[in-house]
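2 protein chains.
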Amino acid sequence: MVTFLSGGTGTPKLLDGAAAAFSPEETTVVVNTGDDIEIGGLLVSPDIDTLLFQGGGILDRETWWGIEGDTQRTNSALSDIASAAGLPEGPQYLPDDRQTEGRTLANWRRFSGVAEFMTIGDRDRAVHITRTSLIDEGKTLSEATERLADAFGLTIDLLPMSDDPVASLVHTDEGVMHFQEYWVARRGDPAVDTVEFRGSSKAEPAPGVLEALEDTVVIGPSNPVTSIGPMLALPGVADALAQTTVVAVSPFLGDDAFSGPAGDLMEAVNAEPSTEGLATAYPFADAFVVDDGDDADFDRPTVRTDIAIDSSEDAARVIRAIDDAIEHGR
Amino acid sequence: MVTFLSGGTGTPKLLDGAAAAFSPEETTVVVNTGDDIEIGGLLVSPDIDTLLFQGGGILDRETWWGIEGDTQRTNSALSDIASAAGLPEGPQYLPDDRQTEGRTLANWRRFSGVAEFMTIGDRDRAVHITRTSLIDEGKTLSEATERLADAFGLTIDLLPMSDDPVASLVHTDEGVMHFQEYWVARRGDPAVDTVEFRGSSKAEPAPGVLEALEDTVVIGPSNPVTSIGPMLALPGVADALAQTTVVAVSPFLGDDAFSGPAGDLMEAVNAEPSTEGLATAYPFADAFVVDDGDDADFDRPTVRTDIAIDSSEDAARVIRAIDDAIEHGR
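Chains A and B supply the protein sequences, listed in that same order.
FYI, our numbering numbers position 217 of the first sequence as 217, with every residue one higher than the one before it.
FYI, our numbering numbers position 22 of the second sequence as 22, with every residue one higher than the one before it.
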C-alpha cells in the first residue's frame, strides 16, 4: 500500500509511471483542494479534476488540465455577453456577505461567473455541475469525488484532502488574492509576501486521509507551498507523516521549478527556492529523490536519477527511484 | 405606450408583429417568472430568455426556446456522467433545507444539476451563468435582465414580473411538482388538481411593473393560468389592471389551446378550458381578440380575426386587431 500526495501537474505526471512499482488497487492519492474555487455557482476542484480526467483517459496532456478536445462554447459566450453588456472581465470575488452563505464549501473563494476568468470546457463543466449538485443534495466532496471516480473508471483510490473549505490565499504587493487569481489571471506576476491557507486550522482531513497516511507516503514533484502546503496545514497530517516512511521527489532541477510558481512561493515561506528548500518544507521526509545533475546536499538518504518527466517511461524511471528511496528511508 | 404581459411562447410570437401598431421604444413587456427554476446552481428564466433571444435575433424559432444552432455539450455530458456513475436521471429537487438557503431567489424551486433534466444549450447556459452571477454579486433579477437586454440589443423594455421568488407549483394526482417538472419532464401527463403560485403573496411587482400597467395593457395569447396567473397573483397587479384599458387575446381556437397545457390548467382553476373561460380568467379585460371561427359569446367588446400565428404577417394581423380592440375597449 502506498499513498501519494498530489497537486495538479507534477504528481499526476509521475503517476503515469506508478504501475512500474505500485499496483493501482493498492494506491491511494490524496489531493490538494486549496486551489478549489466556486465560480458562477460551480465548485471547481482543479487538482481532483486532473486526476479524474487522467484516470478516465481523457485528460488534455498538453496543458495537464481539462478534457482533450473539449469545446469552450459556454466560456466564450460568457466573454461575449460580458463584453456586449459592458460588464467587467477578470476575476470578480463575490461580496463578503455572499462568500459563506448557503454552501459552507464556498468559504472565501467565491467568484462571479461573469466573463468566467478560468477557461472551463463544456464537458469539463458537466463534471463541476455534477460535483456541485451532489454537494447541494447533501453529499460531501469525498462522496461526490467517489461517484465521479467511479464514473471515470478510476482504479486508484482518490481522496480530496478535506471535505471542508481551505482557500490558498496569496498575500502580494498588489493585495491578497486567491491562488487562482494569482496564477491563472495574473500569471504569477505579483510579488509574493506570504501564503495563507485560510480555513485549514478548522478543516478536518477527509475520511480515509489519516488512515492512508499510515502507509508509505510519496510526495510527488508538486509545488511544496500551494499544492502540498494546504495538506500539511490540516490538523494531524504533519504528525501522521512524522510517524510513517515518507519519500519526497524534488519539484526542482537546481533552482528551476518544473512547473508553476514553486520558486517564488518557496521564498515566501522562507525556504530556499531549490531542492535544498525541500528539507525545510518536508522535515518529516525520510528520503528524497533528486535529479542526478542536482548537487544539493542532504543529511537524509537521497536517490538520484533524471527526474525530468516528459513521458510515462520517464515517470516509470522516477517511480523506480522512489521505490529505492523507500527502502533507504525505512 | 403599451404594455404586454407575456409568457414564453404565445405572446412572443405575437410580438413579432408588434411594430404593425406599436413602436418598440414605446413598448414594455412584463414577463412571467413563475416558471423560473434554479438548476445546478443556475437561475433559469425560460420566458425572459425567449424574449432576450427573440430580441437579439438568435431565438430557435422551431421550439421558441433556446438559441438557434446551439450545441448541448454540457447537457449531454451531464447525462453521460450520471449514467456512468449510476446517478438518477429526471428532476431531483434539492432537500428542503437547501431550498431557501443562500439565495432567496431559489425559494421552492431548486433542482439538482445531476443529469440536468432540462435541455440547456452551451451558449444558452452562459446567459444563465451571467444572470445568476449578477444576482450573486448583489444585483436584482430586474437589474440582471436589463444588462442582458442591453447585451442582446433589445429595443423594447423587458421587465420580469417580480424580483422575488414565485414558484408555479402544480398539484396533481401524482403529487405536487414544479411547473417545469409537470411540463418539461412529464409532458403535462399527470391529472391537475390545482395550481399554486407559491411566494406570490409576499412577492412585490418588480420596479416599473405597476407603472407600466398604467398604460394600455395587452395580454397576449399566453397560458392564462401558468403564464399570466403568476402576475395576477402579485399584490397590486389585478387592481392596476382594473383601472386601465386591457385587451386580451385568446390562446384558444375553440377548445384547443395553441400551445402548452392551457386547457387542462384552466379546468384546474375552475374556468372553461376555452375562449369562454377568458372572461373568468380576466375579469378586468375591456375587450377581447378571438378567432373569427370562434363562436364564444362575450358581454364585452370583441374583435375577430384569424388568430393563428405562424409568421410575422400573422402576428401583424393580430396586432392590428388588438389595436382595434383597444379603441373598442376604451
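No wet-lab data here; the hints were simulated from the structure.
Just so we're clear, the structure is a prediction, and the values are computed from it rather than from any experiment.
By construction, the Cβ of each residue, glycine as well, lies at the ideal position given by its N, Cα and C atoms.
Hints should not be assumed to be uniformly reliable.
[Stated by the list, open to error] Straight-line Cα separation of at most 35 Å, DSBU-like style, residue types lysine-lysine; simulated pairs:
(1) A:K139 with A:K202
(2) B:K202 with B:K139
(3) A:K139 with B:K202
(4) B:K139 with A:K202
(5) B:K202 with A:K202
[Claimed, not checked] If you only want the chain B side, here are some residues facing chain A, beta carbon under 8 Å, derived:
(6) T119
(7) G138
(8) R186
(9) L210
(10) G236
[Claimed, not checked] Each pair of labels, with its calculated beta carbon distance range:
(11) B:S76 with A:D150: 49 to 59 Å
(12) A:G175 with B:D80: 39 to 49 Å
(13) A:E143 with B:S76: 18 to 28 Å
(14) A:P24 with B:S76: 57 to 67 Å
(15) A:E89 with B:E68: 25 to 35 Å
(16) B:S76 with A:R300: 46 to 56 Å
(17) A:P88 with B:D299: 34 to 44 Å
(18) B:A84 with A:G188: 53 to 63 Å
Checked hints:
1. Under the criterion of a C-alpha separation no larger than 35 Å, the hint pairing A:K139 with A:K202 is consistent with the structure, at around 19 Å.
2. Between B:K202 and B:K139 the CA atoms are separated by roughly 19 Å; this keeps the pair inside 35 Å, and the hint holds.
3. Of the pairs offered as hints, the one joining A:K139 and B:K202 holds, with about 32 Å between alpha carbons and a cut-off of 35 Å not exceeded.
4. Restraint check for B:K139 and A:K202: satisfied, since their Cα atoms lie roughly 32 Å apart, inside the 35 Å limit.
5. With a C-alpha separation of about 39 Å, the suggested pairing of B:K202 with A:K202 is violated against the 35 Å cut-off.
6. Taking 8 Å as the C-beta contact cut-off toward chain A, the hint placing B:T119 at the interface is violated, the least distance being around 13 Å.
7. Given the 8 Å rule on beta carbons, the hint for B:G138 holds: about 6 Å separates it from the nearest Cβ of chain A.
8. Interface restraint check: B:R186 against chain A, minimum CB-CB distance 21 Å, threshold 8 Å, status violated.
9. Among the interface hints, the one on B:L210 is violated; its C-beta lies about 26 Å from the nearest C-beta in chain A, farther than the 8 Å criterion.
10. With 8 Å as the threshold, the beta carbon of B:G236 stays out of range of chain A, its nearest partner Cβ sitting at about 30 Å, so the hint is violated.
11. Look at B:S76 against A:D150: about 19 Å separates their beta carbons, and that is not inside 49 to 59 Å.
12. Checked against the hint of 39 to 49 Å, the C-beta distance between A:G175 and B:D80 comes to roughly 41 Å, which is consistent with it.
13. Separation of A:E143 from B:S76 is about 24 Å and conforms to the stated range, judged on CB atoms against 18 to 28 Å.
14. For A:P24 and B:S76, the Cβ-Cβ distance of about 29 Å falls outside the hinted range of 57 to 67 Å, so the restraint is violated.
15. Taking 25 to 35 Å as the suggested C-beta distance range, the pair A:E89 and B:E68 conforms, at roughly 26 Å.
16. Separation of B:S76 from A:R300 is about 51 Å and conforms to the stated range, judged on CB atoms against 46 to 56 Å.
17. Separated by about 56 Å at the C-beta atoms, A:P88 and B:D299 break the suggested range of 34 to 44 Å.
18. Judged by the Cβ atoms, the range 53 to 63 Å given for B:A84 and A:G188 is violated: they are separated by roughly 36 Å.
The earlier numbered hints that this structure contradicts are 5, 6, 8, 9, 10, 11, 14, 17 and 18.
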